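Following the hints, put chain B with the ligands in place on chain A, whose structure we already have.
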Amino acid sequence: MSETVKFTIDGKECIGKKGQYIVDAAAENGVYIPVLCHMKDVIPAGSCRVCTVKANGRNMAACTSPVEEGMSIENNTAELLDIRKAIVEMLFVEGNHFCPACEKSGNCDLQALGYKYQMMVPRFPYVFERRNIDATTPKIFLERNRCIFCKRCVRMIKDAEGRSIFAFKGRGETLEINIDHKLAANMTDEMAQLAMDICPVGAILRKEVGFNEAIGTRKYDKKVIGSDIENNHQ
Amino acid sequence: MKEKISRIVENFGNDAARLMDILSEVQSEYGCVSCEAVSAIAENLHISEVDVIQTRSFYHFFTEEQVGKYAVYLNNSVVSCMNGMSDVADEFQKQLGVKFGQKTADGLVSLHYTACIGMSDQEPAAIINDVVFTSLTRNKVAKLVADMRAGKAVNDMVTEFGDGNNANPIVRSMVKNNIMKTGPVVLDAYEVGLGLSKALGMDSKAVIKEVLDSGLRGRGGAGFPTGMKWEFCSREAGDHYVMCNADEGEPGTFKDRVLLTERASMVFEGMAIGAYAIGAKEGVLYLRREYKYMKALLENVLTEMRSENLLGNNILGKGFNFDIRVQFGAGAYVCGEESALIESAEGKRGEPRNRPPFPAQKGYKGKPTIVNNVETFCAAARILDRGAAWHKAIGTPESSGTKVLSISGDCNAPGVYELPWGMSISEMLTMVGASDVQAVQVAGPSGICLPPAQFDRKIALEDLPTGGSMIVIGNKRDLLKDVVLNFMEFFADESCGSCVTCRSFNMILKNSIEKVVEGHGITKDIDDMSAWSEILRKTTRCGLGQTSSNPITTTIKNFRPLYDARVKNVEYQSDFDMSKAVVESCAVVGRSAEIHE
Ligand SMILES: Cc1cc2nc3c(=O)[nH]c(=O)nc-3n(C[C@H](O)[C@H](O)[C@H](O)COP(=O)(O)O)c2cc1C
Ligand code: SF4
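From first to last, the protein sequence lines stand for chains A and B.
The first sequence begins at 30 in our numbering and counts up by one.
The second sequence begins at 1268 in our numbering and counts up by one.
The shape of chain A in the complex, shown without the other chains (with noise of 0.2 Å):
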C-alpha cells in the first residue's frame, strides 16, 4: 500500500497512496470533498453521493473510487457544486427535518452542508413522508424523520459477537432503517453514545442525555463544514 500515485483536483498536483479513496487522499492533499456517509477507514457506502467528483470525465464517487495515477479529478466545478447542492436539498424535502428542535442541531453533517451551499429553499417539492419513532429501546431513541440512509450505524455497530444492531428494511420508496430490539437491549452506554457520534444527523440519539452544549457554542456554530481540512494545509 505505500506505493504512491499522482493526481490532481482541480488543477492542483497531490500526492496519495495507491488503492486510497478520493476523499481521504484529497482531504490528506488539503482539498475537502463533502462526504455524509463516508468515515475514514471504515468500508465505503457509497450511498449519500455527495461526494459526486468527475474523475478522467466520469462522474463518480470519491468515497468509492481509489485514485489513480495520472487521474484527473474536478472537484469544485459549478456543475458538481450545484449537484451537491441539489442532493442537500433533496435530503431535506425527502425525510421530516426541523433543525431547531433537533438536539444534533449544531452538530448535525446535514445541516452544516445546507449552510455552506447557501441552501435557502429547497427546490423539490417537500415529500412528506410518514416515518415512524422507535423509542423501544432502551438507550436510544431512532428518530426515522432524520435519517439519511447513510448506513454509518448499519457498518459500524455491532454487538460483542459482531452481529448487527441496525439494518435496513425494505427497498425503495419503502426503505427505512431498523433496530435490533433484542440486541438493543444489550447495549452499553459507550455503545449508544458512538451510534449517536457516528449519525451524521440527529436519527440516533441518546435517552435520558441531552443538550449538554449549549446551541451556539457547537462544531459548526464556529465554523464551516470542511474548514480544518481546507485550513490544515494553506
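Hints should not be assumed to be uniformly reliable.
What the hints assert, rightly or not - Capping the alpha-carbon separation at 30 Å, the derived lysine-lysine pairs in DSS-like fashion look like this:
#	chain 1	residue 1	chain 2	residue 2
1	B	1748	B	1847
2	B	1336	A	198
3	B	1632	A	198
4	A	114	B	1824
5	A	187	B	1271
6	A	211	B	1615
What the hints assert, rightly or not - Here are some chain B residues the structure puts well away from chain A; computed CB gaps all over 12 Å:
#	residue
7	1271
8	1424
9	1660
10	1792
Said to hold, decoys possible - Covered stretches of chain B, as calculated for chain A (at least 3 residues, CB under 8 Å):
#	region
11	1321-1334
12	1767-1776
13	1805-1819
Hints listed in this document are in silico derivations from the structure and should not be mistaken for laboratory results.
Remember, it's a predicted structure, so these values are computed and weren't measured experimentally.
We treat Cβ as the ideally placed atom computed from N, Cα and C, and that holds for glycine.
Structure of chain B with the ligands alone, referenced to chain A:
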C-alpha cells in the same frame, strides 16, 4: 414452529449465505415469514433479527403478513395493462369482495400486484402459488375463483398446456413459447455436448480466444465483450465461479423464459464452457422466482447432463469437474444487476456493490466470478461448436451474431424472434404485424422511447442496443399515463434505495409526472424533470439509477408536444389538490368533493 425452522435451517447447513433458500422454504411452509419465524431463523443462524428482516423485506415474494392459501400475484406492468389488466383486476375484486393488497376474511385468497412476470406475449397473466395463468379474461377469473373456493389444487386449475417443454409432464404449464422466428445461433436445431467436447479438447486460453474472436458481446443489455470478461477473470488467482443471470426482470422481456424452457442444456453447456475457460468448479443459475414453475424441468436437465457426463466429475473423461446449482430470487428487479445478483445469491438484500472491485475480480463469495446472461451462454455453446469465424460473419461488424428479441404490445404476433443484429425498427414492425404505431419502447423502461421518425434506426449495439425487450405502443395509447407513469412507478418501487439519490429522485420524478398526467403541471415542471433526471443519472451507483429517468427524458425529447398539451403555461400552480384532499371528509358528510375553479 421452532423445531421445523431449525430443521429447515439445518438443511441448508446452518449457513447464513443460504438465507434466500431458507426464507423461501419458510414462506412456502407458512405463507409468511412472521416475527416468530424471523426469531427462530436468527437464533439458528446466530445472526441478528434485523439482518433476517433486512433480507426478507427486500423481496416482493417474502411477506411478514400471511398471504392467502391462494396468493394471486397479478402483473400490472405496461403490457399487461394494455391487454386489459384492469378488467381482470376488477373481476378478481368483485368476485372476492376484497381489493388488491388485501386478503379474504377466511384467509383463502390474497390479491397482490407484481411487476412484469416475463409473460408480455400472453398478458394479462398472474402467478398463483408459483403456477402461471396467462391470457386472463373476466370469465377465466370467475372460473379460477370458483376453483379456489372449491379448494382445488392450483396445478389442477391448469387445463390446457403450452407448446414444447411447457407440456412436459413435469412442467404442465399453460405458458406458450411463441417462438415466431428461429435464428442460426440460439434457436436453430441443437445437439447437447458438441461445443463442450470441442472446448475440452482445447487449451482454456484457446477457448477464451475463440469467444473473443467470435465478437460475442453480452446479451443481457450492456453488450460487454464476453471473451474479455472471461479473460480478465481467468487471470485472477484462487477459486472461480460461473453465474448465469436468469433474473430477466426488465419489463417486456421474456426471451430467457423461452430459452430456459427449450434450451436449458445449451445454457448449462455454455456455463460449463465458461467454467473451463476461467477455471471454475461451481456454477450458479440465478433464476427469478417468477419462473419457479420450471424448477423440475431444469433440475431434470441437470440430472440428465450429469448422467451423460456433461456435468459432474471428470467431464467427458477430460479431468474437468464442474457442477451447477439453481438459486432462486424472490422478486426484485435490481437483482438482475450482476453484483446485486451476487449479493442476493449470498443471502443478502440485493444491493449493487460499489466498483471496483468488479465481479471478475471479487464476485461470488469474494472470488473471481463471471456473470453472463442466459442467451450469452447459449451463444457461447454454439460458437465453440461452429467456430468464431462462423459467428463473426453474422450480424454487423460491431455486433456479431443474433439477438433474441421479446416483442410485445400493440402488434399481431407478439413473441420471441431471433434475428441477426442490424435489422431496422420498421422492418421489425412489419415482421410482427404492427401498424398505427405511436412509439417503440426499445430495451424496456431503462431504454428509450423511440418515435416513428427514427424507425429507420438499427437494432445493434452501435445504434439501438437492447437486452431484448421491444414494446410496440399504438396510437390509441396515452403515452404519458399508460407508459411513462407506469415505468416511473416501477423504478420508484424497484430502486434498492442505497443511493439516496436513486431512492428519492425516482420518487420525486414519479410525483412530477403524475402531476403532469393529472393536469396540474406547468411548463416549468418539464424543465425541472429534465434537470433533475440529469442529477439522478450522474449520482447513482448502478445502471438502475443511471437509466431510470429515461422514460421521462426520452419522451420529453421525442414527444414534447404531448407534454406541452398537458401543462399550463403559467408561473406557478400549487401541487396541492384541494378536491383530492377533502374526498374522505366530504364522503362523511355526504357532499361532493368536486371544487370548481
Ligand atoms: C437494474 C439492472 C437490471 C439488470 N437485469 C438484468 C437481467 O435481468 N438479466 C441480465 O442478463 N442482465 C441484467 N442486467 C445486466 C447485468 O448487470 C450484467 O451486465 C449482465 O448480467 C452481464 O451479462 P452479459 O454480459 O452476458 O450480458 C441488469 C443491469 C441492471 C443495472
Ligand atoms: S442506483 Fe439505485 S438501484 Fe442502483 S445501487 Fe443506487 S439505489 Fe440501488
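Status of each hint after checking the structure:
no.	hint	in the structure
1	B:1748 / B:1847	holds, 19 Å
2	B:1336 / A:198	holds, 26 Å
3	B:1632 / A:198	holds, 23 Å
4	A:114 / B:1824	holds, 26 Å
5	A:187 / B:1271	holds, 29 Å
6	A:211 / B:1615	holds, 21 Å
7	1271	holds, 21 Å
8	1424	holds, 32 Å
9	1660	holds, 35 Å
10	1792	violated, 10 Å
11	1321-1334	holds (count 3)
12	1767-1776	holds (count 8)
13	1805-1819	holds (count 4)
Checked against the numbered hints given earlier, the structure breaks only hint 10 and satisfies all the rest.
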